[in-house]
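**Q** Residue strings, one per chain:
There are 4 protein chains.
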Amino acid sequence: MTTALPTPPDVIRCAYAELVVTDLQASKWFYTELLGLVVTHETEDTLYLRAFEEYLHHSLVVRQGPVAALAKFAYRVRTPGDLDLAEEYYRALDVPVRRVPAGTTRGIGEAVQVVDPLGFPVEFFHEAEHVERFTQRYDVHGAGAISRLDHFNVVTPDVPAARAYYEGLGFKVSEDIEDERGTVYAAWMYRKPTVHDVALTGGDGPRMHHIAFATHERSQILHLCDHLGAVRRSDQIERGPGRHGVSNAFYLYLLDPDGHRIEIYTHDYYTGDPDNPVITWDVHDNQRRDWWGNPVVPSWYANASTVLDLDGNPRAVVERTDDREADVTIGADGFSYTRKDDEAVGFKVGHQV
Amino acid sequence: MTTALPTPPDVIRCAYAELVVTDLQASKWFYTELLGLVVTHETEDTLYLRAFEEYLHHSLVVRQGPVAALAKFAYRVRTPGDLDLAEEYYRALDVPVRRVPAGTTRGIGEAVQVVDPLGFPVEFFHEAEHVERFTQRYDVHGAGAISRLDHFNVVTPDVPAARAYYEGLGFKVSEDIEDERGTVYAAWMYRKPTVHDVALTGGDGPRMHHIAFATHERSQILHLCDHLGAVRRSDQIERGPGRHGVSNAFYLYLLDPDGHRIEIYTHDYYTGDPDNPVITWDVHDNQRRDWWGNPVVPSWYANASTVLDLDGNPRAVVERTDDREADVTIGADGFSYTRKDDEAVGFKVGHQV
Amino acid sequence: MTTALPTPPDVIRCAYAELVVTDLQASKWFYTELLGLVVTHETEDTLYLRAFEEYLHHSLVVRQGPVAALAKFAYRVRTPGDLDLAEEYYRALDVPVRRVPAGTTRGIGEAVQVVDPLGFPVEFFHEAEHVERFTQRYDVHGAGAISRLDHFNVVTPDVPAARAYYEGLGFKVSEDIEDERGTVYAAWMYRKPTVHDVALTGGDGPRMHHIAFATHERSQILHLCDHLGAVRRSDQIERGPGRHGVSNAFYLYLLDPDGHRIEIYTHDYYTGDPDNPVITWDVHDNQRRDWWGNPVVPSWYANASTVLDLDGNPRAVVERTDDREADVTIGADGFSYTRKDDEAVGFKVGHQV
Amino acid sequence: MTTALPTPPDVIRCAYAELVVTDLQASKWFYTELLGLVVTHETEDTLYLRAFEEYLHHSLVVRQGPVAALAKFAYRVRTPGDLDLAEEYYRALDVPVRRVPAGTTRGIGEAVQVVDPLGFPVEFFHEAEHVERFTQRYDVHGAGAISRLDHFNVVTPDVPAARAYYEGLGFKVSEDIEDERGTVYAAWMYRKPTVHDVALTGGDGPRMHHIAFATHERSQILHLCDHLGAVRRSDQIERGPGRHGVSNAFYLYLLDPDGHRIEIYTHDYYTGDPDNPVITWDVHDNQRRDWWGNPVVPSWYANASTVLDLDGNPRAVVERTDDREADVTIGADGFSYTRKDDEAVGFKVGHQV
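Protein chains in written order, with the UniProt record's numbering: chain A, 1 to 353; chain B, 1 to 353; chain C, 1 to 353; chain D, 1 to 353.
So that you can see chain A by itself, here it is in the shape it has in the complex:
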């Protein structure tokens, strides 16, 4: 990052994602019947969805298309003037930038769309249509009620470079995973005062690792598992439920019908003070990814969604050259401990391949 960059836009928070799916009806079941997201608007090929405590037009767009992919991540900025700042900022970064008029995405005002330096399609907007906030519409809240979008998680080969890019945009790190030689495997970064608006996961990228929604309580997350069992779709539970070490959140990873990974998440903590302590986890700490030491399934490390460029074409992926977290923690070549300086007994019996 050069120091000569112009002032970045003031990002409030992660605001919505747009996913391309190959079978809209299958996705509709997943997002509206299972997850219970509210349909703000529906066309023949697109669903505009929001969670119960959201009052902007949508936090998720699900659109029929030829290839399952992430079409964009959108961040909300504080003022209309931040769009000008965004435009200048990304032009200075020499990446594709375009300004689109209000309504280019239904319910969203004028916006700046870029391919960010990490290769992701990202939109910045300020104006959006307001709709009813269903905070107290307990008559339609199911047992697995979801409150709001929480964060995006992106796969990128060079985590320190990605971190520097996001720091330039005003994000701060809450937690990260490193090893004793300084290799960084992942980092969590925020604008709103939660653990993250975006997480950076080291791997071949750009790919979308997951998007995450928040609930109030753990029982709502557990119900989603029970519900999937009841309809004989438990194979859409990829990982969890469990307690993260990083973030302390209670989590669950589901796979939508196209394999897009959706996390459901609760219990993280306030990070809004300027001196919020950064927590660095050792990549070999077996409780970093799951506080209970339950193993991370290999697919969680390996699989991620294709991302599109601004013209809707799938982007090529760059390989990670640093060590991979799965390699250094799973199997014969990797190792993890439960208690530091106690490696001999620290392996979890029976859980590792």
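Because the hints were derived from the structure by calculation, they are not lab data. Quick reminder that beta carbons are idealized off the backbone N, C-alpha and C, glycines included. Be a bit skeptical, because a hint or two may be false.
[Claimed, not checked] To give an idea of the interface, some chain C residues facing chain B are shown, with a C-beta separation under 7 angstroms as derived from the structure: (1) Q64; (2) T135; (3) Q136; (4) K192; (5) H267.
[As the list claims (entries may be wrong)] Every beta carbon over 10 angstroms from chain B, so not counted as near; a handful from chain A, in silico: (6) D10; (7) V39; (8) G81; (9) R98; (10) P101; (11) E110; (12) G170; (13) G182; (14) G272; (15) I279; (16) T306; (17) D311.
Following the hints, put chains B, C and D in place on chain A, whose structure we already have.
**A** Using the frame of chain A, we list chains B, C and D on its own:
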């Protein structure tokens, strides 16, 4: 079983277990600090423990000894006269039987001790000392409060034979696991109107698979995991938490410091009507052991505790000759489905070795 | 009760109630949309309902009629032969008795209907149609999912007499409320091993105080309150949620559209051992009815549902002549303490009229 | 407010309160044994306490003194330079201001102390000592674990004037309670993106209405009630538990041994976007203060804590001249409805004096 057997004793429920451990202080931390069991009495080498809603002297005895083992399972019978019935019944079964005076086990009245036909050391008693019931002692209930002993689970080679033995003793089957050829892999049997007082798990036996305690809610079970993480003992979490298919219970399996398996369990259902429907699960149904399709770790199938005879000597184990559940469900030779008649997509990605 | 009575029927548990309502559509919303009971069968004027873990045809019948009332309480008996015992037993008690053929109530086999000595219309049956048990149908479980019928609560003038009647029928007392002079205000009695199948509440009777359904967790009870708020029917919340002193159960009392009181209830304890300790509460103990000391609303003491005789006519009510719990505990003439021997500070500030 | 005021300090959030109590040992039980706050430091006459997810030295100081009172509310500001802004701002407001060196309050850096225009003793600080964050110390989290300080609630006669003062300081309104004539009864205002950092309650003031701590889940709040019942101190439960209409939070009001009101609170919502919708409640809406329509106890409206000036002297109270919420909503002269335009049936039976 011959039809000429005398009237069996009227068993009320599973009542207590006695475990031999090799490091009493380590076990004391596990059973009293982590699980929060109340210490009714403590001697130099023995702990007498109960859960918060229990008013008999103990539901668990933990005793220092040379070899980690199950010393006995105890069932409570309805009347003092049932001890005579028990004595006659087991003499007719031609197994070791002895009548012991009150106080042989602290807090327990006169009892009949037998090696049952499955090879387990089992005691029948009626009288027991009453102690304070801590149902509403919320001042000492921790976040992981346990209510009561729920069931025993035994490993035995021939499940149909074991089932016939327990039916002779008045137990009924609530659920079982079979395959299309009639092989029985496990059965759940009850006297009190819950899903079980004893479960029969097919395998090399006699060995103790686990003993289980009940909580009121799932949050209490989840806290035990969080607590183990906090003290860096997450490797004592063997399996779960999860939702069983069989019994519908929310479960967690922990390993005590000697590897004795303890289940924490809630949410099963009432079975007290005489026509309570029996549920038979297909051994290939991937949701039978975990409703969410999460894999059963191999150790859960393989490991179990040694059991002692009435003189305290470890008993030899007889191999199971029927198919083993692990073999027919895990890995290249086994298979499981999430949706019947949909095997191609029914495997859970990334979870099976 | 005379000792010359014949053998009573072997009652398993409370099994179903039949309520007459004056606006079936309003009641249908309450019982199926709010409480989420499953409709087994529906005719123009009657709903047959069950909770998610029940497999008999119904645990609640709601029937359109001219006057809101309880039409009958039904207990299930262990064998068909218990119907003969019931018939003989109630004939010996010299109360109205009639034997009705299978199908008299849809889904229920042959039955014996009586007006019991307390004046309530009571049915005994053994056979009933089996239907799907929705234990794991999490796809239709809402956030306020109800598991099963738990108990009946009856208002009767003379609690000791009512207790003696139910003891004659094989019920046992788990808890009661008395004063220092021996006046009994209420008693809880059971056949199945929970705190009660029937509670006896001292007051003008025979009237139905409430019927109660059980949930697995407290969050399900809290959701019912949230749901009523969302549809602006919070005035149907009569009392609670709270924690009972008696039974330790977490509770909520709702009023159906005709004012029939429905309790939702969880967290009571196992009572199935023959020496289960009886707990006697002092009527002046301010935590007996609510462990948190929250006041009992006057309507809860005053109001109750009319009961019908076997021909469907409302029964006259007999006044209680003993002291009334409301009189001795609320207001200027009554008193309650939080800490025994500490009356001066034991009143709850601001809560008592 | 004049437009000529200097730039106000950038307030991050409410940060700590200092209470004077008359029996420190009694208070210690309440704050550390019941609420489970962590003791950062303890002297003969003062406790410095924090909740489990807090890393600043304390969020509550409890100090022995002659008269129970609020000694100060403290807000954290974003930078050291904000102290200069605070000093100038309050000097321009012509209220008592003093700058105190680091350590004046243990663990807190240099600070500016003022009597704010509403009459409350308020401190602004930036620097504070960091201590261990107990987020994942589940080994010491009890069943009623508290995460962090959430807000202050102040009683003030003129709510619109108080709102204007706090808006001048950069706070925004999330919700308020008004009547059809424009009288404002209460307002909720925030800096951090929750429903509030401070609530303004109309009444005789300056007095402290309460301070509030947040938990993750409702079960933790319910446990505090159970715990108080177990130690026979249920009379310290003043109001609740319940669900607020305003804020949607699940709540409980406790009274500490001196009558200082402490709220425990969870489930409010994100307010961090600049166009967060303001919700105005009608004072006659019976669900505004409790979504379930449960009555507000009179003491909750009437009682509040004395506040001290900067020299530790109790401040005189100014009477509210606008209508009082209790008067217009409770009893014969007030009224509330559950359903607008449906007053006849909208009263909650049996709950209003």
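**Q** Hints numbered earlier in the text: which of these fail when held up against the supplied structure?
**A** Those not satisfied come down to hint 1.
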